[in-house]
Amino acid sequence: HKLVFSFMLWTSIFKNAGSISETEWSFLLRGALAGSVVDPPKKPNLPTLSDVQWVNVIYLSENFPPFERLRYECTNRILIVVGDFEQMIQLDLSNQEDSKVDWNKNLSLFERMMVLKALKEEKLVFAITEYVKSQLGKAFVESPLVSLPLLYQDTTNVTPLVFVLSTGSDPVGGFLRFAAETGNRDRIQSISLGQGQGPIAEKMIDSGKKRGDWVFLQNCHLASSWMLDMERIILHIQENPRDVQTDFRLFLSSMPSNRFPVSVLQNSVKVTNEPPKGLRANLKRAFNEITEDFFEDHALYAKWRKMIFGLCIFHAVIQERKKFGPLGWNILYEFNDSDRECALLNLQLFCQDSYKIPWDALEYTTGEITYGGRVTDYWDQRTLKTILKGFFSPETLEEGYKYSESGTYYSPDVLTLAEFRVFIESLPLIEEPEIFGMHENANLAFQTKETAAVIVTILEVQPRESGGGEGKSSDEIAFELADMIKERIMTIIDPDEAH
1 HKLVFSFMLW TSIFKNAGSI SETEWSFLLR GALAGSVVDP PKKPNLPTLS DVQWVNVIYL
61 SENFPPFERL RYECTNRILI VVGDFEQMIQ LDLSNQEDSK VDWNKNLSLF ERMMVLKALK
121 EEKLVFAITE YVKSQLGKAF VESPLVSLPL LYQDTTNVTP LVFVLSTGSD PVGGFLRFAA
181 ETGNRDRIQS ISLGQGQGPI AEKMIDSGKK RGDWVFLQNC HLASSWMLDM ERIILHIQEN
241 PRDVQTDFRL FLSSMPSNRF PVSVLQNSVK VTNEPPKGLR ANLKRAFNEI TEDFFEDHAL
301 YAKWRKMIFG LCIFHAVIQE RKKFGPLGWN ILYEFNDSDR ECALLNLQLF CQDSYKIPWD
361 ALEYTTGEIT YGGRVTDYWD QRTLKTILKG FFSPETLEEG YKYSESGTYY SPDVLTLAEF
421 RVFIESLPLI EEPEIFGMHE NANLAFQTKE TAAVIVTILE VQPRESGGGE GKSSDEIAFE
481 LADMIKERIM TIIDPDEAH
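Position one of the sequence shown corresponds to residue 1 (the UniProt record's numbering), numbered consecutively onward.
If you're looking for bench data, these hints aren't it; they were derived computationally from the structure. Possibly wrong hints are sitting among the right ones.
Between beta-carbon pairs, the in silico distance windows are [as the list claims (entries may be wrong)]:
| # | residue 1 | residue 2 | range |
| --- | --- | --- | --- |
| 1 | Gln462 | Leu300 | 34 to 44 angstroms |
| 2 | Ile485 | Asn288 | 41 to 51 angstroms |
| 3 | Lys2 | Leu222 | 23 to 33 angstroms |
| 4 | Glu399 | Asn95 | 37 to 47 angstroms |
| 5 | Lys15 | Glu398 | 52 to 62 angstroms |
| 6 | Gln462 | Gly196 | 38 to 48 angstroms |
The calculated DSSO-like cross-link candidates involving lysine-lysine, where the alpha carbons are at most 27 angstroms apart (straight line), are [claimed, not checked]:
| # | residue 1 | residue 2 |
| --- | --- | --- |
| 7 | Lys322 | Lys138 |
| 8 | Lys138 | Lys15 |
| 9 | Lys15 | Lys2 |
| 10 | Lys138 | Lys120 |
| 11 | Lys303 | Lys402 |
| 12 | Lys323 | Lys356 |
| 13 | Lys402 | Lys385 |
| 14 | Lys385 | Lys284 |
| 15 | Lys120 | Lys323 |
| 16 | Lys100 | Lys120 |
The C-beta atom is built at its ideal place from N, Cα and C for all residues, glycine as well.
Please take these sequences and the hints and turn them into a complete structure.
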């Protein structure tokens, strides 16, 4: 949803400035509406050009002057560039002639996306990503890494920290590392809530607030019947801060649930703990959690660093294969950060006393237990072990080894953790399906689904159009209200009268 919000924010600025019209915005979201094109010309006899695409082309040609030649040029090769994203549109595979119109010169970035909407809609989500990135920066399309030190500064002994979970996320590992770094590892009391665990959790909170401990109540959504009691306990803490040690901290984690107390959410620090989206984002999170001592100080030197990188990119690949649906895995598995951490700990355990790498043991524990223990389908098990060999095996330590045919993904020949992080930043934001061992057709299905999800989300938050001609848009109402409030605000406020 971050991409959707950023895209809508930027386009709203342009719409208010008059650079993007409502008609252009409507076309990008809905395409040519039924009845908007009367008696379209005969469609070229091309199997790759659908009736919907042809109607979109005619609609653009008839209603927007910059697209006047599109109906004549659409059978030639058209190159569309949006930021770092490039897409060659070639409807007639036998025609190698480039379009006579320089569309990238004649069209704005938004208008180029309208061409993609008309002829290559499945690529629209990537164009939107690059559009936002080129206009606002990478920070507006990438999920920020969760920084517990910063979040901790916002908490107090009466202000809890709530982790809002999603499938595949697990904040426990990061929480325990932060506790160890701050010297609070021995003061943690933790419990995973469920049936009958409420009274135990209440005793933990009661003793923790007296001793100044950290109490972590995990999976609150599994104890919905105890939520009212939890709300009462937290309210009592907030109303009686003098009875609570200043070092006391309360941490909660829960999936989104309508049974979770609203008052607790309103009076807490909240953070979403979503799994990273994309290979680069997944690697960034992994290497953000790895310490320099663990990564750099080992007798295996370069081999050690390559094995760590291989495990991390393997973890990212098997997580990202879920986006291909049943083409990626027959059954969707909830691989999470704990699996990667467990695999890295096993790697450290098997390699701490020997210069010889016990590959048989490592491949078995990683492929059959750490990750394979989640996999129940026979073909998924074979797929998992095959992928593992491509990223975590003796061959991967050879000089010049590449994880993909294109050579984009490999373990860099650098020494420090910081240099690996720089390399990860240089990886493409939008990855090709080859790194996942998938065909381009699988990527096409994913792109179509992803674009549809983005468009539907934007449409759901669009104002409902009024049937009457006198109806005002939500933006017009908001601007009128803002002007009215502005007129009523005093320019000079007397401090004495204000109190």
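- Item | Enumerated hints in conflict with the structure, sorted upward | Per hint list: 1 and 12 violated.
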